[in-house]
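For reference, the chains in residue letters:
There are 2 protein chains.
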Amino acid sequence: MIQVDISFIGAGNVAWHMAQALEEAGYQVREIYSRTLTNATALADKLYNAAPTQSLDFSASKATIFFIAVPDGQVAKIAAKLRLPEEAILVHTSGSLPLEVLQNHTYSGVFYPLQTFSKQKELDISRVPFCIEATDEATEQLLVSMAQHISNTVYLVSSAERKVLHIGAVFACNFTNHLLGVAKEILGREGLEFDLLKPLIRETIQKALNAEHPAFVQTGPAMRNDQQIIDAHRAYLSTYPVEEGIYHILTESIAHTKKNL
Amino acid sequence: MIQVDISFIGAGNVAWHMAQALEEAGYQVREIYSRTLTNATALADKLYNAAPTQSLDFSASKATIFFIAVPDGQVAKIAAKLRLPEEAILVHTSGSLPLEVLQNHTYSGVFYPLQTFSKQKELDISRVPFCIEATDEATEQLLVSMAQHISNTVYLVSSAERKVLHIGAVFACNFTNHLLGVAKEILGREGLEFDLLKPLIRETIQKALNAEHPAFVQTGPAMRNDQQIIDAHRAYLSTYPVEEGIYHILTESIAHTKKNL
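So the protein lines, in turn, are chains A and B.
First residue of the first sequence? That's 1 in the working numbering, and the numbers climb one at a time after it.
First residue of the second sequence? That's 1 in the working numbering, and the numbers climb one at a time after it.
Just to be clear, a hint being listed does not mean it is correct.
One copy or two, it doesn't matter: identical chains are merged, so the pair holds either way.
As the list claims (entries may be wrong) - As a list, the in silico DSS-like pairs of lysine-lysine whose alpha-carbon atoms are at most 30 Å apart:
#1 K77 x K258
#2 K121 x K46
#3 K62 x K163
#4 K121 x K259
#5 K62 x K119
#6 K198 x K121
#7 K259 x K163
#8 K81 x K258
Bear in mind the hints are in silico, worked out from the structure with no lab data behind them.
Here chain A stands alone, though its shape is the one from the complex (with noise of 0.2 Å):
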């Protein structure tokens, strides 16, 4: 292991996490920055020797590798303000922004963990899939090293292939969130409580998950081509357009999907 110090700019879910990780794989954090002293001393307080601050000078830091881990809309301002030490290395961990989102810095590169963070949660890290980027071969084998320290899943991925990643877990998760949500609201104006589809969640999304493709276990009127119920379904949310409408074109995107398999 190549012995580089590091800093966290940020004492959010991720940096709280990743900060922790790196730690306990042998990395020493020097810095911890947040614009709220008391959070960064909050993260500070779970490790060896980091130091908060609230300053972003960091040209006498004997970190390398500095950490952004702030809101996306933030990284840019920030970036532009930081001082950091020649020849250091700036990194930032979000799965939306370009590195070009870096590029006033000679060094730099994406450490982004494709999971969803809470300070309260404990995480198992190593499961955790990292896709690293970089401006140069020294740093992107720098940052893979580091990442397979803390996770058996590291993969090289440009920042096109990041948007797209990107995309895809708008409709994985937060799409699939936000329908779990329209579920419950669904059964709860009939006093129906959504404890009641919990087992057949898990069990739909553990299939669609081991499945050789989620088309091949699609289930469902749109799928069997039920019309009578699908009229039915969307007769009773006539009333509702907002899902009345997510209802028809999902429906219709499954029809599409079963002609093409």
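Starting from the structure of chain A, add chain B where the hints point.
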């Protein structure tokens, strides 16, 4: 436990699991009907003393409760052809058919397991919610007691409520499964493995099901109202109008839900 014997009309996935679970709970299975004798025999072979049959004439049967577990479209047709002993109870196992589909039988009911079954896949039936409905109170009590012998979660659910449950399941299961398939397609077109997204999908579903409401754990560009990312995603999807349409309507729906949180 009231001693009633049972028979199954149908030898598919639902009959397969339910006949074995009910026999294990102490109910004797008398006959297994299937249009295809080898299917009836395959299930009967799993049971202690059940006779496979291709005849719908059960007038001499010792069974009291007859479960119709065949595809939805065939239930009414088979119910009309059946010859049952006097005082027999006819029960269907469908989520989308009303009780009235069995109305030419005096005593009838619904015994609907809210789960997806495959013969190949073991499943803990004690965790499957059962939805019970019946023409009269005595039948209802009999069916509830029977369901409670195999499952920890038994609900009385009217036909109107069951229809709403089914609509909820279409959103929460059929549609989410489809979105997982769409995500796999999007990644596949760029040569990216769907496996990359699986840990995030699992964590997302777990969070959604453990939350007080899935809307409370919604993330993503639509939730953050990140118009720049949304526009970039839609531009990327513009050559796939079905996917772009889904992206648009679900993004709008998330924004709409957020406003009402």
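So, going through the hints one by one against the coordinates:
1. When the C-alpha separation of K77 and K258 is checked against a cutoff of 30 Å, the pair qualifies only between copies, where the shortest distance is 27 Å, while the shortest distance within a copy is 46 Å.
2. In this assembly of identical chains, K121 and K46 lie within 30 Å of each other by CA distance solely inside one copy; the values are 15 Å within and 44 Å between copies.
3. When the C-alpha separation of K62 and K163 is checked against a cutoff of 30 Å, the pair qualifies neither within a copy, at 33 Å, nor between copies, at 64 Å.
4. In this homomeric assembly, K121 and K259 come within 30 Å of each other (Cα to Cα) only across copies, at 27 Å, whereas the closest approach inside a single copy is 42 Å.
5. In this assembly of identical chains, the alpha carbons of K62 and K119 lie at most 30 Å apart only when taken from the same copy (27 Å versus 61 Å across copies).
6. In the homo-oligomer, the alpha carbons of K198 and K121 lie at most 30 Å apart both inside one protomer (21 Å) and across protomers (18 Å), since each shortest distance falls under that limit.
7. Within a single copy, K259 and K163 get their C-alpha atoms as close as 28 Å, and across copies as close as 27 Å, so both meet the 30 Å cut-off.
8. For the homomeric pair K81 and K258, neither the shortest alpha-carbon distance inside one copy (52 Å) nor that between copies (33 Å) is at most 30 Å.
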